[in-house]
Amino acid sequence: MSIEVRNVTKRFGTFTAVNDVSVTVPAGELVALLGPSGSGKTSLLRIIAGLESPDAGSVFFEGEDQARRDVRVRRVGFVFQHYALFRHMTVFENVAFGLRVRPRGSRPPAAEIRAKVMDLLKLVQLDWLADRRPSELSGGQRQRVALARALAVEPKVLLLDEPFGSLDARIRQELRRWLRRLHDEIRLTSVFVTHDQEEALDVADRVVVMNRGRIAQMGTSQEVFEHPATPFVMTFLGQSAVFSGRVQGGKAFLGPLSVDYPDHVHEDSRPAAGYARPHDLEVTRMENGGGGLWATLRHVSPAGAVVKLELTDPEGGSLQAEVTREQHDALHAREGESLYVKPRKLRIFVQEDDTSDPPDTPRAPRA
Amino acid sequence: MSGNPVGSLAAVRGKRALTEPPLVQVALLAVTVLFLAVFLVLPLVAVFTQAFEKGVGAYFTALREPDAWKAIRLTLLTAAIAVPLNLVFGLAASWAIAKFEFPGKGTLLTLIDLPFAVSPVISGMIFVLLFGRQSALGPWLADHDLKVIFAVPGIVLATVFVTFPFVARELIPVMQALGNEEEEAARVLGAGGWQIFFRVTLPNIKWGVLYGVILCNARAMGEFGAVSVVSGHIRGLTNTIPLHIEILYNEYNFQAAFAVASLLAFLAVATLVAKSVVEWRVRQPAPRDERLEEAA
Numbered sequence: 364m365s366i367e368v369r370n371v372t373k374r375f376g377t378f379t380a381v382n383d384v385s386v387t388v389p390a391g392e393l394v395a396l397l398g399p400s401g402s403g404k405t406s407l408l409r410i411i412a413g414l415e416s417p418d419a420g421s422v423f424f425e426g427e428d429q430a431r432r433d434v435r436v437r438r439v440g441f442v443f444q445h446y447a448l449f450r451h452m453t454v455f456e457n458v459a460f461g462l463r464v465r466p467r468g469s470r471p472p473a474a475e476i477r478a479k480v481m482d483l484l485k486l487v488q489l490d491w492l493a494d495r496r497p498s499e500l501s502g503g504q505r506q507r508v509a510l511a512r513a514l515a516v517e518p519k520v521l522l523l524d525e526p527f528g529s530l531d532a533r534i535r536q537e538l539r540r541w542l543r544r545l546h547d548e549i550r551l552t553s554v555f556v557t558h559d560q561e562e563a564l565d566v567a568d569r570v571v572v573m574n575r576g577r578i579a580q581m582g583t584s585q586e587v588f589e590h591p592a593t594p595f596v597m598t599f600l601g602q603s604a605v606f607s608g609r610v611q612g613g614k615a616f617l618g619p620l621s622v623d624y625p626d627h628v629h630e631d632s633r634p635a636a637g638y639a640r641p642h643d644l645e646v647t648r649m650e651n652g653g654g655g656l657w658a659t660l661r662h663v664s665p666a667g668a669v670v671k672l673e674l675t676d677p678e679g680g681s682l683q684a685e686v687t688r689e690q691h692d693a694l695h696a697r698e699g700e701s702l703y704v705k706p707r708k709l710r711i712f713v714q715e716d717d718t719s720d721p722p723d724t725p726r727a728p729r730a
Numbered sequence: 004m005s006g007n008p009v010g011s012l013a014a015v016r017g018k019r020a021l022t023e024p025p026l027v028q029v030a031l032l033a034v035t036v037l038f039l040a041v042f043l044v045l046p047l048v049a050v051f052t053q054a055f056e057k058g059v060g061a062y063f064t065a066l067r068e069p070d071a072w073k074a075i076r077l078t079l080l081t082a083a084i085a086v087p088l089n090l091v092f093g094l095a096a097s098w099a100i101a102k103f104e105f106p107g108k109g110t111l112l113t114l115i116d117l118p119f120a121v122s123p124v125i126s127g128m129i130f131v132l133l134f135g136r137q138s139a140l141g142p143w144l145a146d147h148d149l150k151v152i153f154a155v156p157g158i159v160l161a162t163v164f165v166t167f168p169f170v171a172r173e174l175i176p177v178m179q180a181l182g183n184e185e186e187e188a189a190r191v192l193g194a195g196g197w198q199i200f201f202r203v204t205l206p207n208i209k210w211g212v213l214y215g216v217i218l219c220n221a222r223a224m225g226e227f228g229a230v231s232v233v234s235g236h237i238r239g240l241t242n243t244i245p246l247h248i249e250i251l252y253n254e255y256n257f258q259a260a261f262a263v264a265s266l267l268a269f270l271a272v273a274t275l276v277a278k279s280v281v282e283w284r285v286r287q288p289a290p291r292d293e294r295l296e297e298a299a
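Top to bottom, those sequences are chains A and B.
Heads up, the first sequence is in the working numbering, so the first residue is 364 and it goes up one at a time.
Heads up, the second sequence is in the working numbering, so the first residue is 4 and it goes up one at a time.
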């Protein structure tokens with residue numbers, strides 16, 4: 364079942380948590396709401412669930428307006444950030460809860476409930492823990508119980524609030540691969556909230572990047588990662604080196620860099636900033652055809668699949684570069700040496716005068 | 004010593020705390036025990052020695068005396084009305100304060116504490132001023148032949164007033180610590196308001212509720228000041244146990260006074276035992292017992 368959010372606004376006092384947001388989640392897709400804390404992603408999720416009511420705008424499930432439908436009858440599965448398992452009930456009773464509270468007429472017989480709950484517990488691989496209490500489970504197990512409980516009522520959409528937020532890194536990765544496989548299996552329209560860009564890009568079909576209550580960009584993981592629409596999305600989706608400056612007459616003068624910029628041929632100059640991902644920086648000993656800059660190597664972190672280099676450009680700005688192990692060995696550079704750094708790919712954002720949100724960058728660009 | 008890192012300093016301090024001279028330990032313990040003996044055990048023993056001074060027969064005669072028996076019944080009736088009322092009030096108030104955001108929350112919390120802050124005598128006076136003959140409501144009540152002051156309703160009102168913070172005060176921190184998430188989860192799963200209350204909220208707060216009820220009951224049965232003002236001390240009609248004890252005592256009928264007083268002493272001991280049991284249960288939620296409850 365598809366979800367459509369149309370022009371939704373939500374205020375808490377003077378703070379606008381969600382500001383005129385419209386999103387469509389096609390049926391059967393897994394969508395991530397990604398953003399820093401306070402970007403309105405959880406508020407939006409709770410509005411979709413019906414746990415909060417929007418001040419303006421509407422939510423549609425399969426084209427049907429949900430405004431007058433209470434959260435009880437919306438048939439959403441909601442997984443809370445801290446699981447919100449019923450602590451005085453066993454795992455089995457937690458999962459059975461949604462079926463047992465149904466009115467007498469539509470409540471399945473006890474044997475049917477039992478069979479269904481055990482099926483769900485098998486699906487989340489926890490049938491052997493049915494008689495335990497939440498306090499006796501690990502974080503990852505609690506998360507899966509919460510998921511089974513949400514699925515028990517046969518929801519039409521599944522909403523997850525920071526589903527892996529309170530787990531440690533290794534379990535987190537395991538569980539998110541598992542969630543992806545589960546989604547591929549049951550194909551339930553799902554939305555999950557996360558502040559972790561890696562998680563969003565890894566798991567979701569589509570990513571909705573939010574900032575300050577608005578949508579910064581929507582698209583597939585690849586689209587938002589490779590073609591970020593704003594400096595905010597660029598910096599939020601991963602580390603990047605920033606070169607601030609201006610564009611003028613088909614050229615960009617960005618601090619120590621000057622490159623061609625055919626998108627802006629006017630003679631009047633505009634402030635602009637160039638962004639390059641660490642893996643898009645080429646590091647060599649010799650000047651390699653121009654378009655780069657000389658920087659001093661400050662630190663090498665050789666641990667990991669790639670070697671991370673930290674450099675300082677002539678103006679004192681810090682640059683992060685990533686090179687392969689082979690490149691690093693060939694480079695044979697020592698800390699303190701001067702190296703030539705050249706962006707293979709540089710995203711230039713020109714600051715428009717009439718831009719609606721100029722201070723869009725979360726971190727101040729380094730000069 | 005000043006150059007030492009903080010860690011070792013703390014270690015030294017911790018060690019010293021453990022190796023307090025035995026003499027000091029004994030002295031501290033002795034002071035505590037002595038204090039308890041003088042102010043708790045001794046009076047309790049005195050109550051029972053006085054009560055049984057003239058033998059077991061006299062003890063039960065004093066309790067069976069019609070006025071004493073009436074006082075016991077009135078006390079039980081008052082508690083039977085005041086405790087459930089305050090249970091409902093306490094649940095409603097703590098729910099509202101813990102689960103909702105609204106302006107004036109702080110004021111409401113302060114108001115709930117009011118009976119703790121006000122002298123019980125004043126609490127009684129409030130009701131005399133409200134419902135007494137000289138009050139604005141007085142003539143109307145007289146016309147309709149309704150007696151509040153110097154009658155049972157006044158006693159119940161005063162008791163309710165004095166005891167209303169107990170359940171609410173006990174539950175507010177418990178509910179605030181629990182938060183809203185479980186209730187929200189239940190709502191999303193399709194549970195109605197009463198289902199959420201009985202299946203999710205109540206099981207989580209039941210020991211807090213019991214604790215509050217025990218304290219509320221003890222105070223309702225033992226309240227003297229507020230009830231004394233509104234009761235009028237009519238023997239056999241408006242005397243509760245504490246008031247009856249006072250009358251007996253003022254008549255130099257010490258044996259009977261202490262015999263009746265021993266009932267309140269029993270109540271106090273029972274309350275303390277129940278309180279410790281509840282506290283012990285709160286500290287270790289034993290899963291097995293709850294399974295038994297479900298089977299029952």
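Source of the hints: derived by calculation from the structure; they are not laboratory data.
No experiment lies behind these values; they were computed from the predicted model shown.
Misleading hints may appear alongside valid ones.
[Said to hold, decoys possible] Which stretches of chain A does chain B cover? Using the computed rule of at least three CB atoms under 8 angstroms from a CB of chain B, they are:
hint, region
1, 440 to 449
2, 528 to 538
[What the hints assert, rightly or not] A few chain A residues that don't get close to chain B, going by computed Cβ distances all over 12 angstroms:
hint, residue
3, PHE375
4, ARG409
5, GLY413
6, LYS671
Yeah, the Cβ is synthetic: ideal placement off N, Cα and C, and Gly gets one too.
Hint by hint, here is what the structure shows:
1. Look at the region 440 to 449 of chain A against chain B: 7 of its residues bring a Cβ nearer than 8 angstroms to a Cβ of that chain, three or more, so the hint holds.
2. Taking a C-beta to C-beta cut-off of 8 angstroms, the region 528 to 538 of chain A contributes 0 residues in contact with chain B, too few for the three needed, and the coverage statement is violated.
3. Separation of PHE375 of chain A from chain B is inadequate, the least Cβ-Cβ distance of about 10 angstroms not exceeding the 12 angstroms criterion.
4. Remark: the non-interface label on ARG409 of chain A conflicts with the geometry, its nearest Cβ contact in chain B lying 9 angstroms away (cut-off 12 angstroms).
5. Distance check on GLY413 of chain A: its Cβ comes as close as 8 angstroms (rounded) to a Cβ of chain B, failing to clear the 12 angstroms threshold; non-interface status is violated.
6. Every Cβ of chain B is farther than 12 angstroms from the Cβ of LYS671 of chain A; the closest lies at roughly 34 angstroms, confirming the non-interface assignment.
The structure fails hints 2, 3, 4 and 5 (numbered hints given earlier, in ascending order).
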